[in-house]
Amino acid sequence: MPEQRVVIGFDSSTQSTKALAVDLDTGTVLGRGRAVHTVSTGAGRESDPEQWWDALGEAAARTGWADRAAAVSIAGQQHGLVTLDAAGAPVRPALLWNDVRSAPQAAELKAAIGAAELARRTGSVPTAAFTAPTWAWLRAHEPVAADRTAAVRLPHDFLTERLTGAAVTDRGDASGTGWWGPDGYDRDVLARIGLDPGLLPEVLPPGARAGAVRAGTPLREGTPVAAGTGDNMAAALGLGLLPGQPVLSLGTSGTVYAVGRTRPADPSGTVAGFADALGGWLPLACTLNCTLAVDHFAALLGRGREDVEDGGTAVVLPYLDGERTPDLPGASGLVHGLRHDTTPGQLLQAAYDGAAHALLAALDGVLRAGGADPAGDEPLLLIGGGARGRTWQRTVLRLSGRAVQVPDAEELVALGAAAQAAALLTREPADAVARRWKTARGPVLEPVERDDEALMRIGDTLRRAGALQGAPAEDR
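Residues in the sequence shown are numbered from 19 upward in steps of one, following my numbering.
Honestly, the hints are just simulated from the structure, not real lab data. If you're wondering where the values come from, they're calculated on a predicted model, not measured in any experiment. There are no misleading hints in this set.
Taking lysine to aspartate or glutamate pairs in the EDC-like style, the calculated list, with each CA pair at most 16 Å apart, reads:
1) Lys456 to Glu428
2) Lys456 to Asp43
3) Lys128 to Asp206
4) Lys456 to Asp41
Go ahead and model the full structure; you've got the sequences and the hints to work with.
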């Protein structure tokens, strides 16, 4: 009987690190591990990269396969700014994707180069979430820390380098910085934000090996390590996604994306023109407020997250952390349309509707940006922590008018990283590995009539609330 080969994929997310030990041949998950992270509250969102490293070791150990894995790969939260000193230690806590303090720097970069030109060169118009304005914020507000920085990394880069000693990244994660495009690092953008390109990692080609596990780490020395990628790119791999298949992910943030046949470049900034982890593209729209924001509304109302009621006229814009889509970094939560007969359950349903609306409003643009037909009949793949929630499912069905498929596989980011690790050994493309594992298999929920009345009510509120949310009402 041939020896069983097992790979480990890691998902270093905002809130925790998850690890999956997966049988290379069948895709069967043989072990799971999880360890939590701490994120600051208040004006910013910061996290100590050292706790990510500790969490990776803890999660790996809990799979039961840390000393036997045949290959590993790390996917991580996009955009985060990790600054390291000459010894490789963090200069300060990492600045995360949902820290919107760099909104003025994002606006300055857009004004200096132009939205259309930035989209043409880097694929995206950077918002406060992107790494380029975050570095500019650090230079402006903490120049001593910026001057001490000897290396700049993304979260998955930091962990891969700790594991292997190699200063590398991949095109998928690099495409979320605002300083990378198909021709490599954009020297003009880097010059404008005051970042030396010598501080950045090498961008590996798709499918490349980052190196091997060093001695003294939580994993077996010599184990091959794949390049890794950003979390959204890894989830696309984990699904074995084909061009034009739309995905809606419900997590701390909400995302909607599809593998594109053409390179996106949306000057409006709604669609980010990311690269995928292979050789293609991943047009994507992202919101800052999704499951956590809705859960917070449930807590404020003293209700369970499924305790919703139909009806009512209330609109909730749950922008508790500012917002990225629409681009309103100074926004706050807004409740409109309350009546004497509005119930707490109706108000909670309105919070679900407000969170889902922002994503579904961007879906057609995402599909067009990648060369797909928005009127296609492909089911909308629903993934992420909220995907199995009955109210989330009903809300997406009602507001999209599309069939919705909920894959049986869980932890798709870690599963995508595992597929990358497996691809090192089998020489297949990572998405082909996932399709062989049948990761997207799951029930299809039949479409229902789209609730255009609710969509119009939310859209009208958003347009009229523009001035309250930090933008002129006529621009929304």
